[in-house]
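Asks: Sequence:
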Amino acid sequence: IGGDNLFEFSLLHLHGFFLKKKRSVVALYDVKDRKLASQYGIVSLDSSHRIIDFQEKPAKPKSTLASTACYIFSKDDITELGKCIREHRKPDNLGDFIKYLSSHREVYGFAFTERWFDIGSHEQLREADEWWSAR
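When we follow my numbering, the leftmost residue of the sequence shown carries the number 1, and every step to the right adds one.
Among the clues, some could well be false.
Here are the simulated BS3-like pairs of lysine-lysine, each with C-alpha atoms no more than 30 Å apart in a straight line [unchecked claim]:
(1) Lys62 with Lys35
(2) Lys75 with Lys21
(3) Lys22 with Lys62
These are computed hints drawn from the structure, not numbers from a lab.
Turn these sequences into a full structure, and let the hints guide you.
Replies: The structure is reproduced here in structure tokens:
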């Protein structure tokens, strides 16, 4: 789980989806706005929720499903991390790993509807603080 995430969904639901699929899973949030989507890693899914495309902060996003930096990786897929780093040389960008992994193996997206904030910016942190304070 990325440290700049603040969310309401239950990790038990994400874990249940992982157990059902028996493959690595990524938690996704529909930001519902293509302009906003351009600030995130964006995925496209097929009808079985398999990730078929990953774009890192695209100028023209193909979808509005944002990768939230909440993952559960299978043991087999973790072994691919070293290979990805050797081939792409960006060890600090998990988005690159998701793109790499989803192009080599089955990776699934778990879209949740509960509130999510990426509090990596002052604006989002303020928005999250206001939202949580009003609850």
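Asks: Please go over all the hints and tell whether each is borne out by the structure.
Replies: Against the structure, the hints:
{"no.": "1", "hint": "Lys62 with Lys35", "result": "holds, 11 Å"}
{"no.": "2", "hint": "Lys75 with Lys21", "result": "holds, 14 Å"}
{"no.": "3", "hint": "Lys22 with Lys62", "result": "holds, 27 Å"}
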